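Generate the whole structure from the sequences, applying the supplied hints.
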Amino acid sequence: MSSEVRIKAASGGGEVSLRARTPSLLKRLTQEHIVLITTLVLAGIFSLLIPGFATVKNALTLLNSIAVLGILSLGAAIVIIGRGLDISQVASLAIGAALAAVVMRSGGSIPWAIFCGFAVSLAIGLVNGLVIAFIEVPPLFATLATNLLMFGLAQIFIVGSTLLVYVPKSAESFLVLGHNIGGVPIPVLIFLALALIVHLFLSHTRIGRFIYAHGDNPEAARLSGIPTRPLTVLEYSLCAVIGYLAGLVLMATLSSIDTEIVMGTEIFNVILVAVLGGVSLVGGRGSVLSVIAGGLLIGVMLDGMTLLNLDNDTQNIVRGLVLLAAIVGDNLLHPRDEETARHGD
Amino acid sequence: MKTLFGGTIAAAAGAAMVCLTAGTAAAQGNTAQQLQEQWKKDVVGKTIVYIPVSYSVPLTRIWGERMQMIADHLGIKFQVRDPNFNTQREAQLLQAEIGQHPDVLIVHNPDVQVLAPALQQAENAGIYVIQINMASRYKSDAFIGVQPNELGAQMANAVVKACGGSGTSHKIALMNGEVTSAYSLGIMEGATSVFKQHSDIKIVSNQAANWDSKTAHDKAATVLQANPDLCGYMGWWSGQDSGIAQAVKQAGLLGKVKVFTTDGGEPPACEYLKEGLFYEDFIYPASLQADQMISTAVMLLQSKMKPGTMHVAIFSPVIPTTAENVTPTSCTELSKK
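Going line by line, the protein sequences match chains A and B. Note that this note's numbering numbers the first sequence so that position 82 is 82, with each residue one more than the last. Note that this note's numbering numbers the second sequence so that position 31 is 31, with each residue one more than the last.
I should point out that these hints are in silico values taken from the structure, not numbers from a laboratory. No experiment lies behind these values; they were computed from the predicted model shown. No residue lacks a Cβ here, since even glycine has one placed at the ideal position from N, Cα and C. Take the hints with a grain of salt, since some may be wrong.
Said to hold, decoys possible - One side only, chain A facing chain B, incomplete, derived with CB under 10 angstroms:
| id | residue |
| --- | --- |
| 1 | 51 |
| 2 | 155 |
| 3 | 302 |
In structure tokens:
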């Protein structure tokens, strides 16, 4: 602000507009644009290096590999936009899916099995939402606790002795979810359909706008009459149920579900995809495009580096460098100032 | 007279025989009794503590459930400590157990380094230490498990046999687990030594999935898409490699790409063999290993040797299993609890 004033004072108006326009063009690039550009550059490099990279088939394989992560991140984005965080989302995925598999194994019908899994995932979301909205426990602690609690309960009452539950052969019609339609993997179609639904929900419905308002400034949202507590419960419930959908897709793809995933680091990848694409952890910012951008970047890196047959250490270095470049690029274009630093306080 | 003499001799001999038999029986009874007493004194009521890397995977469950069953019958106290894949927690549990002073510790190392000092400390404190499947750099009283390099070589030879002949692309891919574990390093070493001798075999991909079936699935899908003429895929744990098998199925390459894997005879693997999802599974029977573990513990308890003085190895047999020779007993069913 001050430098602009100084320029105005020192010279004519024409020069100011010239100077101001150049950075504004760059500044108009949002984080998702930067991530998408990074992804395109990377895809270009891989296309030159790897003969079979730039093919429709490979693109579909790539999308298939990020479908589950992408679906999870759509759910996580809803909560993060509403200034929350759900560490227990993977528990909804694994426990819901494991219960569905257990019901299928014990001879239950597929719709009933899917409903049972849905109910337990919704319950996890409701517990999270209620604890955070009404008892006002910080989301990080609340969901960390429910994650452990639900995992323990599921081990005792649902899964049993081992963490791995296999879908029975009799549930072949469920496993179709992991197959292709006309060469396009069904998980990719589910991801894209869900992305469209979540996009319409967030940007074209009143509740969607409320979620942005809630994340941007919860106090202002509450004072303006938005029922923020029920809204919080809704956000966490949606996150859990979307997590469960990801679980069904994952289970159909692998024909099994490994509940060990709950104790793993998958949730950090989920949050990374959302945040990388521009869903701000302080709430109120980001969109479905952010999730798609973040997911594509992760997918292109995974696919390209597998095809290049890079070893694990090199893959980690490349992944770290690309992520760092995307974040540094964003920081250079959108330096933290008084407004962004305080944003979300 | 002659008859009388003969009869006397016969009677005497008969009596002597009876006495001898009775004496032997008495001596035998005595030995059996002694052994029973020794058993009661040295084995019954003793405590074995089992610390696997996690008690939630089929392999460690099979070991634990089988040992528990045998120990219950023998009157041995058997306890399980579950660090749930947390290496630091496993080290803490081990330290705590040294304080509790059980008679035997059966330990499953997460790597070669981290538990080694504590294992030595346990033996110094007078506890027998048996290491299973994954050895540490410390040589304790006993090691029971597979020889990873031998297993790797055995698997690689099978891959070469299937993909080295005419009419195949000679292309194979490898799916490593956790690259730094002693088990993975050993398998890679054994497999590499075989592949080096067969220059016609082309390794188109060598990636790691960190034992995760989803990662294995995604990487395999990418590799298969780029190499649809792949002949074989070799991984080293069926739980992870089920992801490869699903990727092969989804790519419509079932029967064309042969998936080679290995495990302790864990339940789903046999189903996968029957369905043709796995081509060959190198099974080291976990229930047999469990029997060996408990037998070794009982033997150590009766040996009366100071812990740390004996170093025995019992390597597990590896049974190459295909759809042709898989039987209902190839895999061990787990309890439903």
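Discussion item. Hint by hint, where does the structure go against what was stated? Just the numbers, ascending.
Written reply: No hint contradicted; all consistent.
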